[in-house]
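Trainee: The lines below spell out each chain.
2 protein chains.
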Amino acid sequence: MNAMTQTTPPRALPDVPDTAAGFHFEAWCAARLATVEQALDHWVGVDAAADCSHAAPADLVAAMRYAVLDGGKRLRPLLVLAAYEAVAGAGAGADGQEAALRAACAVELIHAYSLVHDDMPCMDNDVLRRGKPTVHVRFGEAGALLAGDALQALAFEILTPSETQVNAVTQARLCALLARAAGSAGMAGGQAIDLASVGQRLNEVELRDMHQRKTGALLQGSVVMGASCSQPSQQVQQALQAYGAAIGLAFQVVDDILDVTADSATLGKTAGKDADNDKPTYVSLMGLSASQAYARDLLAQAQAALQRSGLRNTAALAALADMVIQRAY
Amino acid sequence: MNAMTQTTPPRALPDVPDTAAGFHFEAWCAARLATVEQALDHWVGVDAAADCSHAAPADLVAAMRYAVLDGGKRLRPLLVLAAYEAVAGAGAGADGQEAALRAACAVELIHAYSLVHDDMPCMDNDVLRRGKPTVHVRFGEAGALLAGDALQALAFEILTPSETQVNAVTQARLCALLARAAGSAGMAGGQAIDLASVGQRLNEVELRDMHQRKTGALLQGSVVMGASCSQPSQQVQQALQAYGAAIGLAFQVVDDILDVTADSATLGKTAGKDADNDKPTYVSLMGLSASQAYARDLLAQAQAALQRSGLRNTAALAALADMVIQRAY
Chain A
1 MNAMTQTTPP RALPDVPDTA AGFHFEAWCA ARLATVEQAL DHWVGVDAAA DCSHAAPADL
61 VAAMRYAVLD GGKRLRPLLV LAAYEAVAGA GAGADGQEAA LRAACAVELI HAYSLVHDDM
121 PCMDNDVLRR GKPTVHVRFG EAGALLAGDA LQALAFEILT PSETQVNAVT QARLCALLAR
181 AAGSAGMAGG QAIDLASVGQ RLNEVELRDM HQRKTGALLQ GSVVMGASCS QPSQQVQQAL
241 QAYGAAIGLA FQVVDDILDV TADSATLGKT AGKDADNDKP TYVSLMGLSA SQAYARDLLA
301 QAQAALQRSG LRNTAALAAL ADMVIQRAY
Chain B
1 MNAMTQTTPP RALPDVPDTA AGFHFEAWCA ARLATVEQAL DHWVGVDAAA DCSHAAPADL
61 VAAMRYAVLD GGKRLRPLLV LAAYEAVAGA GAGADGQEAA LRAACAVELI HAYSLVHDDM
121 PCMDNDVLRR GKPTVHVRFG EAGALLAGDA LQALAFEILT PSETQVNAVT QARLCALLAR
181 AAGSAGMAGG QAIDLASVGQ RLNEVELRDM HQRKTGALLQ GSVVMGASCS QPSQQVQQAL
241 QAYGAAIGLA FQVVDDILDV TADSATLGKT AGKDADNDKP TYVSLMGLSA SQAYARDLLA
301 QAQAALQRSG LRNTAALAAL ADMVIQRAY
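Heads up: the protein sequence lines correspond to chains A and B, in order. Numbering follows this note's numbering, in which position 222 of the first sequence is assigned residue number 222; successive positions increment by one, without gaps. Numbering follows this note's numbering, in which position 196 of the second sequence is assigned residue number 196; successive positions increment by one, without gaps.
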């Protein structure tokens, strides 16, 4: 029906690093980010636009590309790739690499669509994102609505190429994980709780539940999807799930801290909006210094989980956990 | 992560009819509709709400159920099941039946989400759907936005149960087909063209292209997904694709006819809104009687495609094509 995901762009993941030989996180990140950006640029519309019979409309593709390209830290794709490489080790096969890169881009598209919809006037009504006007400001509300909808579908298109590119078992597993991380019991459910909680007093359990869904589910899903592109043992799977849960929660705690400690220029989005919107946050619930201590505790939990995994190549995952927490300081 | 789609509700498709022994379309429809309604009722939230640790928020589930249950002709699920039964014949296995029922519900969820978003103020701004207030009128704009988003994810959750329920090859194939039918080159793309074409003069080729994506892609996708739950030959696949394309287009031609010939009470939605919105339609382009002749021609094309398929059990598909066109009269 659509040639979009049937062609393979010229790209391959860089060699999996051997931690014993020394690990340079910045070089690791730079190499993977370049691959991810190239893949996103390929999959979000360019090749489809060249295929006249099934091309996506130019306006829609423009809005989708605006939402996805040239912005964002790509934390989720990096988590996918780091988890994949940790499990696959130095013997990572081409089939797993293709699957991991597709998974990395798919989670980023889900993240991007959620931001587009979250910024809309009926939700957070935000006009600034990553230092640029939000999608609905630039393309209109209907354009933003459709671009978000199409990005969600595109995530599943990317996960389901021909079986010669990714085997069917991996495709099905990745679709299952992504759908559940994005859906009503995951991200969309967390946003619904967030929406209903404005002006409400949540206790810590309720706040944690909201965040585990709203941001935690997709971050944890990224780790588990990356691992699923190889063959993790049950011990490894459980340890990486715990790692993903800890950094997923830490990410939101840090986000709440940054909302009160950073300015809009640093954040690339409107600072202080949670307090303005009377939204419950970790800072409003437990105070700033206790929130910072909690973030550090979650970092320790993440590192302990990596130890438990027994995996050798966890340097990138460890550094990513550091990065999530350190951005608060 | 979520037990929602791991449990199987007590249901099974009725026996596949043997056309040679006589075929009763109304009885066929009634039996399948009952199964589909029961499955939708199961999968859209009820069981998830009983599972406290991963339950979707009650408000969100209520909006999703409102959007999906107790309404709609279920044309797409019936197409899925009719295509599956036509290909599988009397020897339809349990694995294929489970897959076909999941596919039937998944396409309906995609259809339902598209209506929820399409009705929103920034799109068609419609307040009436199936004789009831639209989702955003009942649950607010943010509630409608999230319910639509969650329904799209749920469609892919339903398609990806454990491998003991549906084999991985079928899961991957169904996800691939659904994502492409729903995405930027399919339904969402068609809606973007529709949006951009208000007040524009489209020619017949452009109008057909828009409709092939907007409504045709998912109707055709329903037929192809149903067939994919069994093992269609290439000849069968091509014939059913042609059948799906013809009824997909006919559906929209008839929709345009009804928009000018029926009243709101009959339609269950606001009549005459296309003309009010200055939207291009087949009726505005070619006139009423030529549109009616075109619909009949498309019906003949659909029936010819069924003949070409060489399949024996096509009575339900033939009757569904009739139903699509006859509702205009």
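The set of hints was computed from the structure by calculation and includes no laboratory data. Wrong hints could be hidden among the right ones.
Which copy is meant is left open, so a pair is good if it fits within one copy or across any two.
With a straight-line cut-off of 25 Å between C-alpha atoms, the simulated SDA-like cross-links for lysine to any residue are [unchecked claim]:
hint: 1; residue 1: Lys132; residue 2: Gln301
hint: 2; residue 1: Lys279; residue 2: Ala34
hint: 3; residue 1: Lys132; residue 2: Asp322
hint: 4; residue 1: Lys279; residue 2: Glu141
hint: 5; residue 1: Lys279; residue 2: Ala58
hint: 6; residue 1: Lys132; residue 2: Ala242
hint: 7; residue 1: Lys73; residue 2: Thr164
hint: 8; residue 1: Lys132; residue 2: Ala196
hint: 9; residue 1: Lys132; residue 2: Thr164
hint: 10; residue 1: Lys132; residue 2: Ala304
hint: 11; residue 1: Lys279; residue 2: His24
hint: 12; residue 1: Lys73; residue 2: Ala196
Since the structure is predicted, the reported quantities are computational estimates derived from the model, not experimental observations.
Trainee: To test your reading of the hints: which numbers does this structure violate?
Mentor: 1, 2, 3, 6, 7, 9, 10, 11, 12
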